[in-house]
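If you're matching them up, the sequences are chains A and B in order.
Just so we're aligned, residue -5 is where the first sequence starts under the numbering used here, counting upward by one.
Just so we're aligned, residue -5 is where the second sequence starts under the numbering used here, counting upward by one.
Source of the hints: derived by calculation from the structure; they are not laboratory data.
Among the hints, a few may not be true.
Where chains are identical, the list cannot tell them apart; a pair therefore holds if satisfied intra-copy or between any two copies.
What the hints assert, rightly or not - With a cut-off of at most 25 Å between alpha-carbon atoms, the simulated DMTMM-like pairs for lysine to aspartate or glutamate come out as follows:
hint : residue 1 : residue 2
1    : K374      : D130
2    : K159      : E289
3    : K262      : D216
4    : K164      : E150
5    : K374      : D277
6    : K164      : E151
7    : K164      : D148
8    : K61       : D48
9    : K159      : E325
10   : K374      : E126
11   : K164      : E322
12   : K104      : E71
13   : K164      : E325
14   : K159      : E324
15   : K159      : D148
16   : K164      : E324
2 protein chains.
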Amino acid sequence: MRILILGGDGYLGWPTAMDLSAQGHEVAVADNYLRRRLCLEENIDLLFEVPDLDERTALWQLVSGHKIAVYIGNLCEWDFVAEVFKAFNPQAVVHYAEQPAAPYSMLNRKAATLTLNNNLSVTANVIFAAREFCPDAHIVKLGTMGEYGTPNIDIEEGWLEVEHKGRQHKFLYPRQAGSLYHTTKIMDTDLLWFYVRTWGLRVTDLMQGPVYGLFTDETENDERLLPYFNYDEIFGTVLNRFVVQAVAGHPLSVYGKGGQTRGYLNIKDTLNCVRLSVENPADRGELRIFNQFTETFSVNDLAEKVKEAGNQIGLKVEIQHVTNPRIEAEEHYYHPRHTGLLELGLKPHFLTKEVIVTMMGFVLKYKNEIKPNQIYQNVKWV
Amino acid sequence: MRILILGGDGYLGWPTAMDLSAQGHEVAVADNYLRRRLCLEENIDLLFEVPDLDERTALWQLVSGHKIAVYIGNLCEWDFVAEVFKAFNPQAVVHYAEQPAAPYSMLNRKAATLTLNNNLSVTANVIFAAREFCPDAHIVKLGTMGEYGTPNIDIEEGWLEVEHKGRQHKFLYPRQAGSLYHTTKIMDTDLLWFYVRTWGLRVTDLMQGPVYGLFTDETENDERLLPYFNYDEIFGTVLNRFVVQAVAGHPLSVYGKGGQTRGYLNIKDTLNCVRLSVENPADRGELRIFNQFTETFSVNDLAEKVKEAGNQIGLKVEIQHVTNPRIEAEEHYYHPRHTGLLELGLKPHFLTKEVIVTMMGFVLKYKNEIKPNQIYQNVKWV
Chain A
-5 MRILILGGDG
5 YLGWPTAMDL
15 SAQGHEVAVA
25 DNYLRRRLCL
35 EENIDLLFEV
45 PDLDERTALW
55 QLVSGHKIAV
65 YIGNLCEWDF
75 VAEVFKAFNP
85 QAVVHYAEQP
95 AAPYSMLNRK
105 AATLTLNNNL
115 SVTANVIFAA
125 REFCPDAHIV
135 KLGTMGEYGT
145 PNIDIEEGWL
155 EVEHKGRQHK
165 FLYPRQAGSL
175 YHTTKIMDTD
185 LLWFYVRTWG
195 LRVTDLMQGP
205 VYGLFTDETE
215 NDERLLPYFN
225 YDEIFGTVLN
235 RFVVQAVAGH
245 PLSVYGKGGQ
255 TRGYLNIKDT
265 LNCVRLSVEN
275 PADRGELRIF
285 NQFTETFSVN
295 DLAEKVKEAG
305 NQIGLKVEIQ
315 HVTNPRIEAE
325 EHYYHPRHTG
335 LLELGLKPHF
345 LTKEVIVTMM
355 GFVLKYKNEI
365 KPNQIYQNVK
375 WV
Chain B
-5 MRILILGGDG
5 YLGWPTAMDL
15 SAQGHEVAVA
25 DNYLRRRLCL
35 EENIDLLFEV
45 PDLDERTALW
55 QLVSGHKIAV
65 YIGNLCEWDF
75 VAEVFKAFNP
85 QAVVHYAEQP
95 AAPYSMLNRK
105 AATLTLNNNL
115 SVTANVIFAA
125 REFCPDAHIV
135 KLGTMGEYGT
145 PNIDIEEGWL
155 EVEHKGRQHK
165 FLYPRQAGSL
175 YHTTKIMDTD
185 LLWFYVRTWG
195 LRVTDLMQGP
205 VYGLFTDETE
215 NDERLLPYFN
225 YDEIFGTVLN
235 RFVVQAVAGH
245 PLSVYGKGGQ
255 TRGYLNIKDT
265 LNCVRLSVEN
275 PADRGELRIF
285 NQFTETFSVN
295 DLAEKVKEAG
305 NQIGLKVEIQ
315 HVTNPRIEAE
325 EHYYHPRHTG
335 LLELGLKPHF
345 LTKEVIVTMM
355 GFVLKYKNEI
365 KPNQIYQNVK
375 WV
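With the rest of the complex left out, here is chain A (with noise of 0.2 Å):
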């Protein structure tokens, strides 16, 4: 199948790109380096330098002899977005391309602006672009378990069916964010889900829950093909966080009362759903949704988890508790269902002690270049 990842360069986009050509799609990746930019800009350090597209997918093809075709340009302008879909055809898009931070988005108005008008506009790019060059084409967003928010009921996959005087009707599940990023991922289901309606699209839209771990099948054949490691405070996902910080010797900074929990997700699991669900489409004029994690855990519960791990190769782990940044509960119900994915085959990657450990024996390595000043950023929410 052609399948062309938009946001190739990012954490996820390129393990998936490596993982599709891996399975013998014939794959194509798309990205403007914003991820990078926004690094340099914001003068955060990666854990290890990752090497640009064409040095990636020339090595790629070195380990694999698989090809992966490269365009780089802004998706956020047409011109380049028609280039691309005219020259590759996809058969399927994974749409990756978006500013993936909630802190980076609570930055600044700055910061905020470009959140909101690049998530949305490569969204609706993709959109008119599929509608325009292929129809037919199964377009896989990634959306985020953000969007649902903490509410008091669970937490359904995509859709709730409501009973109100007598009355019934089956609704999207109904959307409040914790982040502006979270938002835009609303917004993106909103527009999805208008043109699934009115133009026919076929689209399947992720809900993903944060994503740990760095390797990946493909990434065993060298070190160099690994993704991005953000350690930091605006890019680096929580357990990521937390290991780079056990490894440092850094208290693991738990904000507020640590009760926030959410579905997390091994990052070899992501590759996985994002494989079943391209290559189990959805229908024609269908909005599949799926809530894309394998299991929940508290921030506590993380802590916790990294701190056992970290004594167990003789690191001395304290938790910190540290007044939250965020406008979020510290406590709440939490009860999200997810078995549309397991029903497709998935066959979870679960955080066990010794997924820590490996992933700290790596970090370990590059103790000396953990840059302590990385770790606290003071994006604060209000």
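Using the hints provided, position chain B relative to the given structure of chain A.
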């Protein structure tokens, strides 16, 4: 009160500005004449020409003695927004500054992109400006009843208490719109609701139905103070279009079965609703939502009313069911609640035969100006 009207040149913006000014409020208007530009570009003629804001405000000062400040510029540009907010320091902001037409938003990719970017950027800038320059100011935002769509259960006023598996949660009423324009209004609501919760803004979101009419208390002074009157298929609202079609001897063009039902209101009631909202502000940290209409009618109901009114003054009016260019339910349940504004003191002006006859009498004066090619514009949803 110092009240800033964004989109103060529009069909509703200008009459609102005069109305609040007549009440003794200190009023400023901001606009970039986007609507005029789009009409020019799409070759759409108004029934009669209206003066620009400098002329209108000069005229208004002459007849009323009240001064209205004018800011001409693009509210998508932060520098202009900041300049206006700093200079005028509003206590209330009435936000009409959006591309307001569903058919325009469905015209083509360029029009869709303009609608999406314009509407979201202005709303975001208003939020950022309120936070930075006047955090206590009350934002009165024009939304639309179209955000709700036509669900099979009662439409409550903004919020829905859901009971699910023995638990309860109060959600923003789930929204699902029938055009890109209406979808951008859903996104506005998403955005406002997020920042109300996060920054404690003070917001009233008015879910307005289609508006008809053109006379207000202030336009009685001078016909040059009348608002725009679009009768074309792109920017004209349905009752206004039917009145012009009746006068022109064109059959009233009912889309499909004509059972599409919506909540309507007289332009005089728009002004009253906005004034009541401004003079009774929402609390800090409150998103207050009102459903703003006074009566519900199907398109068939409206066509019948226009036919009867036309017959009374000797016009021969035919009704023609044409192929529906939109994707929408042509027969559906529709039971929207609308008590909030009545409780604030709204005294509705209902759609009587007299109201339609008065509009017809006015339109008859311009009968020779009516251009038949404006009536059908061939904007299809698919």
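Numbered hints the structure breaks, given as an ascending list:
Violated hints: none; all satisfied.
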